[in-house]
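Peer 1: Produce the entire structure from the sequences given, and follow the hints as far as they go.
Note that the protein sequences, when read in sequence, are chains A and B.
Throughout the first sequence, residue numbering follows the working numbering, covering 1 to 220 in sequence.
Throughout the second sequence, residue numbering follows the working numbering, covering 1001 to 1300 in sequence.
Watch out, some of these pointers could steer you wrong.
[Said to hold, decoys possible] Which residues of chain A face chain B? A partial, calculated answer using Cβ under 8 Å:
no., residue
1, K2
2, I10
3, M14
[To be verified] Covered stretches of chain A, as calculated for chain B (at least 3 residues, CB under 8 Å):
no., region
4, 47-54
5, 91-100
[Claimed, not checked] Beta-carbon label-pair distances, calculated as ranges:
no., chain 1, residue 1, chain 2, residue 2, range
6, A, N117, B, P1135, 51 to 57 Å
7, A, E201, B, A1276, 41 to 47 Å
8, B, V1282, A, R155, 52 to 58 Å
9, B, E1029, A, E115, 36 to 42 Å
10, A, N174, B, A1264, 54 to 60 Å
It should be emphasised that the hints constitute simulated quantities derived from the structure, not laboratory data.
All residues carry an ideal CB built from backbone N, CA and C; glycine is no exception.
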Amino acid sequence: MKYRSVFDIIGPVMIGPSSSHTAGAARIGRVARKLFGGTPKKADITLYGSFAETYKGHGTDVALVAGILNFGTDDPRLPQALEMAREQGMAVHFEADRETHPDHPNTVRLRLSNEQNTLEAVGVSIGGGKIEIIEVDGFSISLTGSNPALLVLHRDKYGAVAEAAGLIAKYEMNISYMEVSRHEKGHTAMMVIQTDEEISEGLAAEIAALPNMLQVAVLS
Amino acid sequence: MFQTVKELVQLAEDRNWLVSEAMIQTEMETTGKSREEIFSRMSGNLDVMERAVARGIGEEVRSHSGLTGGDARLLQDYLSSGRSLSGSVLLDAVSKAMATNEVNAAMGTICATPTAGSAGVVPGVLFGLRACLCPDRNQMVRFLFTAGAFGFVVANNASISGAAGGCQAEVGSATGMAAAAAVEMAGGTADQSAQAMAIALGNMLGLICDPVAGLVEVPCVKRNAIGASSAIVAADMALAGIKSKIPCDEVIGAMYRVGQMMPAAFRETAQGGLAATPTGRVLKKKIFESAERSSSAGRR
Chain A
1 MKYRSVFDII
11 GPVMIGPSSS
21 HTAGAARIGR
31 VARKLFGGTP
41 KKADITLYGS
51 FAETYKGHGT
61 DVALVAGILN
71 FGTDDPRLPQ
81 ALEMAREQGM
91 AVHFEADRET
101 HPDHPNTVRL
111 RLSNEQNTLE
121 AVGVSIGGGK
131 IEIIEVDGFS
141 ISLTGSNPAL
151 LVLHRDKYGA
161 VAEAAGLIAK
171 YEMNISYMEV
181 SRHEKGHTAM
191 MVIQTDEEIS
201 EGLAAEIAAL
211 PNMLQVAVLS
Chain B
1001 MFQTVKELVQ
1011 LAEDRNWLVS
1021 EAMIQTEMET
1031 TGKSREEIFS
1041 RMSGNLDVME
1051 RAVARGIGEE
1061 VRSHSGLTGG
1071 DARLLQDYLS
1081 SGRSLSGSVL
1091 LDAVSKAMAT
1101 NEVNAAMGTI
1111 CATPTAGSAG
1121 VVPGVLFGLR
1131 ACLCPDRNQM
1141 VRFLFTAGAF
1151 GFVVANNASI
1161 SGAAGGCQAE
1171 VGSATGMAAA
1181 AAVEMAGGTA
1191 DQSAQAMAIA
1201 LGNMLGLICD
1211 PVAGLVEVPC
1221 VKRNAIGASS
1231 AIVAADMALA
1241 GIKSKIPCDE
1251 VIGAMYRVGQ
1261 MMPAAFRETA
1271 QGGLAATPTG
1281 RVLKKKIFES
1291 AERSSSAGRR
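Peer 2: Spelled out as structure tokens, the structure:
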């Protein structure tokens, strides 16, 4: 089931005009920001499908940037996000790719960077403000958004997975699905952990504080 | 837990619950949250809807493009003249649906039901029926749980995305949800709610998503308006004992398949329908030219 809560249907409370092109976009931007770990110096954003055709009219560009600036879907500052990004010294570049046809029409690729780090994520806005993240830093993931989830970028070292799982158990939460992938032994790896219960920011912060963890993002 | 309308109605009948109660119980079960927490969150959403309606009919709301705004007030003025053809309940609901969507188009705060582009229908019907049904606060919050229960089935078995399924998936779903909730608030049965949803959604099949200039304004505001009126009429039909010959779940399935067969031009790409009319194209050109001018002025 893609939608699990009545508040996916009656909600979110949001700044208009579009739940998929504005609220969903803001949520994708915010997840990318969490995975990047702060406000980037530069955001290169590629839009596909309906996003590519109508992003200006729906304020998709504004909303993505608002998410990257850590604004929620109902933040009254959302309409001013492009100006605020400029003030904060974040360079934003948009490209509408009308040649590539992704599986879902509302797809966006975000590349966030500063002098030290780069993060690339692909998000899909599936309707009503609900989102899915299908790729992070070249890792294909299947984060369907049907359960609360933790995305953890970490060093590929022994104990990293066990320590994260241990903290989840300490919070008395049940893992319903878990996926660990890496590009190369000993480098960066990615954990996708879905749980039955809602994930608190407190748990996310505790996991982030563990050795070997690089970035943690919560998707509810 | 329910996955279909049939299961939802069965659950309500077996336990002697209202549909809203079945939704609340399911939400408690899946999230582990308390009834109070769930109820108060929905009550907060109701507050947001009420403020959006009040703003849309009380203030001079205009979108950035200038395409929409002020029509909800026009209708309120007309209503108070006492000359309306379709009656005060229907037109008040229509006006309040438009008020919500006008606020949405102006980048105001709304509650998506099930989406932002279709956010007017459910509150329009709810606040439109307030004068004749005199619901208490509890019943008004329950209206939203009932609407949510039916929307939940549509979202999981079909789609609530205009980009995936056209306007039938958005305003169509919202109209069905509002019709079902109106039945419960008027004292109808769970099955009558399902009939109202089937009648309302069945009448919206094939509705395309064709926003002029890609904006959630034209025809979205007026589609919500007429959606609200259809919802009330469908609720009345179901309350009168009229049944949909095609079961509600099959209507939802039909909506999904129609959406899949819909060309991309009719799925929120602003390439077909009203968006592609001569006037639609002229409006798009005007809006984006003036947007370019104002953003280059902003840079200087």
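Peer 1: Indicate, hint by hint, whether the structure satisfies it.
Peer 2: Taking the hints in turn, this is what the structure says about them:
Annotation: interface hint on K2(A) holds; nearest CB of chain B at approximately 6 Å, less than 8 Å. The closest approach between the C-beta of I10(A) and any C-beta of chain B is roughly 4 Å, which is under the 8 Å cut-off, so the hint is satisfied. Interface restraint check for M14(A): the shortest CB-CB distance to chain B comes to about 6 Å, inside 8 Å, so the restraint holds. Here's how the region 47-54 of chain A fares: 4 of its residues keep a CB closer than 8 Å to some CB of chain B, so the rule of at least three is met and the hint holds.
A stretch counts as covered by a chain when three or more of its residues have a beta carbon under 8 Å from one of that chain; for the region 91-100 of chain A and chain B the count is 0, and the coverage is violated. At about 53 Å, the beta-carbon gap between N117(A) and P1135(B) stays in the expected band of 51 to 57 Å. A hinted range of 41 to 47 Å for the beta carbons of E201(A) and A1276(B) is consistent with their spacing of about 46 Å. The hinted window of 52 to 58 Å between V1282(B) and R155(A) holds, with their beta carbons roughly 57 Å apart.
Our hint of 36 to 42 Å for E1029(B) and E115(A) is violated, since their Cβ atoms are close to 48 Å apart. Between N174(A) and A1264(B) the Cβ separation comes to about 41 Å, which falls outside the hinted range of 54 to 60 Å.
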